[in-house]
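The chain contents come next:
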Amino acid sequence: MLSIIAAAALPILVVTLALGGIAKLATVGREASPGALARLGPAVLMPERFAKPAMYACSLAEFALAAGLLVVDHPAARWLPVVFFAVATYVLWDLRRRRPDVGCGCFGDVSDTPVGLRSIGRAAALTAMAVVVGLEEVTGPPAVTTETAPWIGGGVALLLACSPEVDAIVSRLRHRPPCEQRPMPPGRALSRLRASAEWRAHAGSLLMDEPSDMWRELCWRFFVFPARGETEVVFAVHLGGRRPVVRAVVVGADGHVITADERDTASLRESTPVSA
Amino acid sequence: MQYGAGERRRKLAAAVLGRDPSPAPRAPEEVEPYDVVSGHLLDVSPHLIVVETEDGGQRRLVIAPWATAWRGGAVAPADLPVGARVIVRALRSGTVAERIWADITRITGVIREVRGRRDLTIELDCGPHRRERSIVVPYRSSGRIRVRHPKLEPGYLFDSIGLLDQGTSFAHLPATSQPPYRAAAVPPPQVPYGGSEAGISGTAVWADFMDFTGSAAGVTGGVAYPMIEREDTGCGDAGVSCAGLPYLALGSLLHVRNVCDGRADTLPIVACGCLAGRFCDRCLECGTSPRGRIIELAASSYVALGGDLTKGCFNARVGLG
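Quick note, the sequences are listed as chains D and F, same order. Start counting the first sequence at 1; every next residue gets the next number (my numbering). Start counting the second sequence at 1001; every next residue gets the next number (my numbering).
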């Protein structure tokens, strides 16, 4: 019985350790927002300048432990994960008391929800699994059989139930930040513009290939191109959605819209001014 | 960006999107802003104050019997020194002075260096658009400053209100509690899960727009806004905000309402609010604001909207004008 549980626990431990290591490395490497590390688990307990090395060390240790569980047939390789997860449980418990605002950082910046009983319970469950693996002395590539499969499923379900990250991912998928708050480089909007029908309609009259002015307001990015006949073409590109809305208008030097009819009769209008 | 380019941007955006370029009218519950006169003090007596405005004109205002003045502390209006830079909140279409601030300056920046034992000299980095400043915290106000700014160390933010005396800035009052994080480690905004609000609420602060250099130099009115795309403006530090703000551009019109007394005005964005975005504080003037500074107002715009310069902030609600 215990040997079946151990055989099921081994792949869970290896995958969890590897995922944790990858996620931490990605978080440190990306550094999406400055100071993101200052709000994540073990890095909080370190002085600021050691935060990055600490995250690196933690993820490398996780890789080493995962590799050890897979290839090294020695009691040390099986009991070191027990120590790791036990220490992690204690650290999370301590973190919850000392810094109730920070996330556990177990899976990098995905784990930014403040440490709760679920995160601590997960670390404790992983400790228990590691203990079972240590007691039963299982090593090597895991074999999924009909006996172990239900235990693997149960273990994964237990870990998922204890993962606040799942809630965060679901709510992130369901409520993306609105498009006026999403950063969007101008280059991407420009390439969207160049692929649009409005661009093709006006491209012939443009004097320059690069916009003379561009700015962004909420979900719209505006491009101004100088055009022939002392006019300007203003494009507005919507930044949301896959097939963006593009609008274009030709304006005169005074900023007034010039319609298609006016453009055609521009030369005529100069010679015969309209009078009421 | 040249002056007037903002207006052109508004015109072009209105043309391409087919909307009305003029600002939205004031809602019925909103109050007209105060009249503000700012400039240099030419003459003052117990009942009359003469101010030379920025454009060279002279303004004579009657001093109301209840009027108060500030110059490093409450003083009688008649005691203000001639030549001081004054900002006057005026009633009756700008003829009666009600509140006068003289030589007031806002000192906001990232601490670079702290020197001295009794009087502290602090070198501040005030963002890419303002010059670096060297300010003095005199011994008599260092207690007040330090209790709200416990970390006078390089890398941390500093925000205080002070007095400009013969070219030197003396910090007098803390304008906020110092954020506990370093200036480079601004917490991200809370993503508005479950629907966003109709308007943006937060803290409106004021800043010395006199300090602006480069493209925004010489601007005396308007707002500085933190959430501006970096590529558009060359503000390397923009696009950071603690308060979940939408992206806007230099030239966009903002409708700013003081939640306290309902005064509202439509003001253009004239600069990047690189420093304002780094503060994650709340304003405690009549009620507590949501977290994060949304705009920095020019001192005269701030006073016109009913703010008190010595308080440093008011609760504001902002919409696109």
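Take these hints with a grain of salt, some might be off.
Unchecked claim - Here are the in silico distance ranges between beta carbons for each label pair:
id: 1; chain 1: D; residue 1: ALA143; chain 2: F; residue 2: ALA1184; range: 54 to 60 Å
id: 2; chain 1: D; residue 1: LEU117; chain 2: F; residue 2: GLU1123; range: 43 to 49 Å
id: 3; chain 1: F; residue 1: ARG1112; chain 2: D; residue 2: ARG188; range: 47 to 53 Å
id: 4; chain 1: D; residue 1: GLU230; chain 2: F; residue 2: ALA1184; range: 54 to 60 Å
id: 5; chain 1: D; residue 1: GLY154; chain 2: F; residue 2: ARG1146; range: 55 to 61 Å
id: 6; chain 1: D; residue 1: VAL87; chain 2: F; residue 2: SER1134; range: 47 to 53 Å
id: 7; chain 1: F; residue 1: GLU1123; chain 2: D; residue 2: VAL87; range: 23 to 29 Å
id: 8; chain 1: D; residue 1: GLY154; chain 2: F; residue 2: LEU1017; range: 42 to 48 Å
id: 9; chain 1: D; residue 1: VAL87; chain 2: F; residue 2: TYR1139; range: 29 to 35 Å
id: 10; chain 1: D; residue 1: ASP167; chain 2: F; residue 2: ASP1261; range: 49 to 55 Å
What the hints assert, rightly or not - Okay, derived cross-link-like pairs now, SDA-like style, lysine to any residue, Cα gap no bigger than 25 Å in a straight line:
id: 11; chain 1: F; residue 1: LYS1011; chain 2: D; residue 2: ALA143
id: 12; chain 1: F; residue 1: LYS1011; chain 2: D; residue 2: ALA197
id: 13; chain 1: F; residue 1: LYS1011; chain 2: D; residue 2: GLU147
Just so you know, these hints were derived from the structure itself, not from any lab. Heads up, the beta-carbon is just placed ideally off N, CA and C, and yes, glycines get one too.
To see whether the hints hold, each was checked on the structure:
1. ALA143(D) <-> ALA1184(F): 54 to 60 Å: violated, 49 Å
2. LEU117(D) <-> GLU1123(F): 43 to 49 Å: holds, 47 Å
3. ARG1112(F) <-> ARG188(D): 47 to 53 Å: violated, 36 Å
4. GLU230(D) <-> ALA1184(F): 54 to 60 Å: violated, 47 Å
5. GLY154(D) <-> ARG1146(F): 55 to 61 Å: holds, 57 Å
6. VAL87(D) <-> SER1134(F): 47 to 53 Å: holds, 48 Å
7. GLU1123(F) <-> VAL87(D): 23 to 29 Å: violated, 43 Å
8. GLY154(D) <-> LEU1017(F): 42 to 48 Å: Check failed, 56 Å falls outside 42 to 48 Å.
9. VAL87(D) <-> TYR1139(F): 29 to 35 Å: With a Cβ separation near 49 Å, VAL87(D) and TYR1139(F) fall outside 29 to 35 Å, so the hint is violated.
10. ASP167(D) <-> ASP1261(F): 49 to 55 Å: Since the Cβ atoms of ASP167(D) and ASP1261(F) sit about 42 Å apart, the hinted range of 49 to 55 Å is violated.
11. LYS1011(F) <-> ALA143(D): violated, 69 Å
12. LYS1011(F) <-> ALA197(D): Given that 25 Å is the threshold and the Cα spacing comes to 24 Å, the pair holds.
13. LYS1011(F) <-> GLU147(D): violated, 72 Å
Hint compliance for this structure: hints 1, 3, 4, 7, 8, 9, 10, 11, 13 are not met, and every other hint is.
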